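Engineer: This is what each chain is made of:
There are 2 protein chains.
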Amino acid sequence: MNTVSSVRLNIISAIYGNLPKEVNITKIEFEGPEIAVYVRNPSVLADKGEIVKKIAKDIKKRIVIKADEKARKDKKETEEIIRNLVPKEAEIVNIKFDDELGEVLIKAKKPGLVIGKGGTLQNKIFYETYWRPVIVREPPIKSRTIDSILTHIYNETEYHAKILKVFGERIHRELLFKDRYVRITALGGFYEVGRSAVLVETPESKILLDVGLNPSVTGGEKFYPRIDIDQVRLEDIDAVVVTHAHLDHCGMVPLLFKYGYNGPVYTTAPTRDIMALMQLDALDVAEKEGRPTPYTAKEVRKELLHTITLDYEEVTDIAPDVKLTFYNAGHIIGSAMAHLHIGEGTHNIVYTGDFKYAKTKLLDKANDEFLRVDTMIMETTYGAQEQEGREEAEEKLINIINGTLNRGGRVLIPVLAVGRGQEIMLVLNEAMKNKKIPEVPIYVTGLVDEITAIHNAYPEMLSREVREAILYKDENPFTSEFFHRIEGFREDIAQGEPSIILATSGMLNGGPAVEFFKTMAPDSKNSIIFVSYQAEGTLGRKVRDGVKEIQIIDRDGRVENIRIEMEVNHVEGFSGHSDRRQLLYYLRNLSAKPRNLVLNHGEPNAIESFRRQVEREKEKLGLRGTKIYTPQILDSLRLV
Amino acid sequence: MNTVSSVRLNIISAIYGNLPKEVNITKIEFEGPEIAVYVRNPSVLADKGEIVKKIAKDIKKRIVIKADEKARKDKKETEEIIRNLVPKEAEIVNIKFDDELGEVLIKAKKPGLVIGKGGTLQNKIFYETYWRPVIVREPPIKSRTIDSILTHIYNETEYHAKILKVFGERIHRELLFKDRYVRITALGGFYEVGRSAVLVETPESKILLDVGLNPSVTGGEKFYPRIDIDQVRLEDIDAVVVTHAHLDHCGMVPLLFKYGYNGPVYTTAPTRDIMALMQLDALDVAEKEGRPTPYTAKEVRKELLHTITLDYEEVTDIAPDVKLTFYNAGHIIGSAMAHLHIGEGTHNIVYTGDFKYAKTKLLDKANDEFLRVDTMIMETTYGAQEQEGREEAEEKLINIINGTLNRGGRVLIPVLAVGRGQEIMLVLNEAMKNKKIPEVPIYVTGLVDEITAIHNAYPEMLSREVREAILYKDENPFTSEFFHRIEGFREDIAQGEPSIILATSGMLNGGPAVEFFKTMAPDSKNSIIFVSYQAEGTLGRKVRDGVKEIQIIDRDGRVENIRIEMEVNHVEGFSGHSDRRQLLYYLRNLSAKPRNLVLNHGEPNAIESFRRQVEREKEKLGLRGTKIYTPQILDSLRLV
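Line by line, the protein sequences are chains A and B. Going by full-length UniProt numbering, the letters in the first sequence line up with residues 1 to 640, in that order. Going by full-length UniProt numbering, the letters in the second sequence line up with residues 1 to 640, in that order.
Rather than coming from a laboratory, the hints here were simulated on the basis of the structure. If you're wondering where the values come from, they're calculated on a predicted model, not measured in any experiment. Treat the hints with care, since some could be wrong.
Pairs involving identical chains hold if they fit within one copy or between any two copies, as the list cannot separate such chains.
[What the hints assert, rightly or not] Taking lysine to aspartate or glutamate pairs in the EDC-like style, the calculated list, with each CA pair at most 20 angstroms apart, reads:
(1) K222 / D179
(2) K222 / E204
(3) K109 / D556
(4) K548 / E50
(5) K627 / E615
(6) K88 / E392
(7) K627 / E608
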């Protein structure tokens, strides 16, 4: 027998006490952070939406009214009603039912038309069928990832509903301790870039912010964040929060499930999709190279069933004393800053994750408005470095491309599948459209393609210009005629006519980019252009740093000597990270100034140099009272 | 079945391989940090002691040869042999047997005569009886504490032997982790004085350095160090190390046993005895005042059976990757600095505990020679303050006493039962002997008396002068005719003829000192002289700070208003703590300079002020490369 805690009792009383009796509540379920009220007569509430809103506001919880199973219309009938109500132009491609949660998934090419103005049509669907509509966009470029994720979740509705209830009961458990403290512990990504992970600890709860891998190694102890210490007991972790889909921030989340973690993962919808894709791809690559993998696809599938997606600026209870709110971080699609509100205002932490404090073609700039920040954990990747401005960077890129094409060479741009790839596509598309570079084929290979499809599923998360081009102008830059999608490596292209090749991975530590590099490097007509950060220890870093010859062990174990004759360039202005100036602007412009500023996600010289800079400019930045911390891995800081 | 680990296998092989076969080894036991080799024919080794020493040196372990049970002589016969071998002047008072460990306890007034020159007689006793002699001093003032501790341990030989084996197996377990880290976590006594506790953590082991209580409160969360956090799991703690017997360093050790700790406590012999006495006394006082106690006498008794006493400068394995060595700290009798040697030289920590870097009448000054120190955790109680010099302090004390006695007043000196009490006794005894103060009665009350008896049991731990006076000159200053021992409070003395009263507790937070103070305070002829540190929140602190009226709630719950008319003085030069200058000298004179200096055990202004001072004088102190840390409670620092 479950005992109902008084926290939950209070919520239940508020709902019973304030809903009209005639709705006939049949059960109240704590489904993750949401409170689902199942009723026999939802129609009673059809024009009384404000009652539910008021209760939600009073008890500061997310309440969803659902119809009792017995009240819901037959599925076939429901499908007919939906198809009749929704205009043809919405182009519904799929309808699926979740019996457990009483939801109907409607996938459409124009989801806005299913939602209706201000949600009116969505509402109508509910009151005419008693199924709660969940509306999803079918992107113009088909995404296999999203399809298989949704199929997986809708195949496991029973497990999914059950686990949500487990989360819900845990989130709404009783507060046990009178005493208050808040500690953070550096588990990875401090004084280094890679394997990001932070433990946030209160007497009541424990939360992991990111659980990444170290991209500069493929195994050994430095591959993992320090989730092995006793302080991190997986059964005590209340929530894992993932700020974006790069593997250095999410690559070890499935490992938690392998070792028995059974709790939720909070992230945005695009991060969920891309994260799963990146994890599965990493498994593929490791398998092909005969390396052991820290987890298998089974754990990725479990992770997906345990993931709860949140929108930006949606306040969510994730533990009895912690509320999480995501804000746009401008780094890649779906990237988020995590704001943790602890206790009744005991402490507010902002963990920036990776962020860009400047507008890019792809994304809006990172959020700088918070009601309260006591401690800010801030990335410092480029804390020691100023990048070119955007326009300068574009000009430089265009010049290098023109120079190379003019001498009959080919341009290799290694790109991170996520973010930089799409940004460079937008830049190249515009430049070619405006005749700033000659019209040669732009080959896109590796994961970039599938990731681009996912971008198209979430246009509302992209910059205004791109969003509008996709949604209203039917001028989708990602489907432009200049782009040619290819599979993996193609020798004919590497040695063929002048062209531009966008290939993953961005640090030359895997993917078709490595094959292209090996073939193209000895030809001095060619160019390679790095457009993203190159971590210590990666092949990309060595090449960028000017090494003239490189030994590569191929898949058969043979050592190849590669002479690098091609032109090597890097254009940093496209970075998804803020440079030193942008980091400083960010601190200056923050609406609320932190008492503690914790610098992470930077190599030692970046962190030290940025720390000194901030110390010097404290007054100017409005940080007079702020303490600056630069913890090492396994340092813990008590914040309260 | 126990499996024998390869660590233990290697030790066993080395012993079997190097001892002559004829000794006939019957078993090898891991008895705590010692390896006991039980043999049928010990006589084979009678003149081959160097073989055993060589093995011990080779495998870096403490080896003890014991006789197999069957080989040992009958107890009655053994007792006779001992009494015949030992000269009468040794004055044996007691002989007890431990069948489990094959030891015979010989208590004598002159233990040196039982040991014999270079241990020859002790050795002879073993080879003639096949019982290992353990020799203990019967002090000239009888100590009930020591008697009852030894009786307790010798009543529980079976449990004691069993638990030592449990410790032994745990200490000599396999190393499991390739990876190395060392972290310390501040659990109490950081940015404050009281509830000292530090957690030292490696992947292999966890050690608690001190587990004290906060003397300025009697309950509530600030009473305890933060041993309640998840990081401190009692079943994972390998060892508790107690640096000295003041309750702010050891007052919560029994609580660990209450909550399931089952491991060893390492400390010096006088610390063990005084610690138990102080803990039991605190229980008594709480009971009389009707306060709940965090533990009971049962846990103190368990603690005693789990305590392993070490001499200064004796290197001891306390965990598979940690060796502990104690050094004289000069603070009170038995007080130690704890040196932890971690891994094969991975890291060396010195935790100073409370220390005095100056010679006192009672003790030698703290040790400043270490082979290696990477991290020093140093107390900073007087980091912001310079005390009078010793001679100045004595003069001041004598002047105040003379002034008071001359005007017909009485002098109250609240003393910590341990340390300051004995030091002041030595000063007063000398001054009176030399006629610097008139011959009035010196009343000694409270715990001081019993503690003084314990001092007499361990003269080897006192300063050279006192040691020699006790051992060779029969001029024991503690038994001087000037001292009058009384029980508790005596109104006739408080209001009687001019006299000097030494009474516990030193901070007026309990003990007969409070009663004397209440009676003596309103008379302006009287004086009170504080000679030790007064913690924030104690009555002593308020009085020292010059409050003119005080409300005291007596044992019946009545509020009494006490007007303070007496002369209030404090003489800090007797402190058992180093003052700012001594702390700086200590750093300058250290034979090995730490890379990390962690300041603790000080109020915030003491720590901050001392930190700045050290920063300023880094060059001069030879600490150019040293990083200074001032952690807060619940901060963790990674050292390696």
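Engineer: Within a copy, between copies, both or neither: where do K627 and E608 come within 20 angstroms Cα-Cα?
Structural biologist: Answer is both: 14 angstroms inside a copy and 15 angstroms across each meet the 20 angstroms cutoff.
Engineer: With 20 angstroms as the alpha-carbon cut-off, assign the pair K109 and D556 to within, between, both or neither.
Structural biologist: Answer is neither; intra-copy 45 angstroms and inter-copy 81 angstroms both fail.
Engineer: Checking K222 and E204: alpha-carbon separation at most 20 angstroms within a copy, between copies, both or neither?
Structural biologist: between (30 angstroms within a copy, 18 angstroms between copies)
Engineer: Pop the pair K548 and E50 into one bin, within, between, both or neither, using alpha-carbon distances up to 20 angstroms.
Structural biologist: Answer is neither: 69 angstroms inside a copy and 63 angstroms across each miss the 20 angstroms cutoff.
Engineer: State whether the alpha carbon distance between K627 and E615 is at most 20 angstroms within one copy, between copies, both, or neither.
Structural biologist: both (9 angstroms within a copy, 18 angstroms between copies)
Engineer: What label fits K222 with D179 when the C-alpha limit is 20 angstroms: within, between, both, or neither?
Structural biologist: Result: close only across copies, 10 angstroms inter versus 36 angstroms intra.
Engineer: Measure nothing new, just compare the shortest in-copy and cross-copy C-alpha distances for K88 and E392 to 20 angstroms and report within, between, both or neither.
Structural biologist: neither (46 angstroms within a copy, 99 angstroms between copies)
The structure is inconsistent with the numbered hints 3, 4, 6, although it conforms to all the rest.
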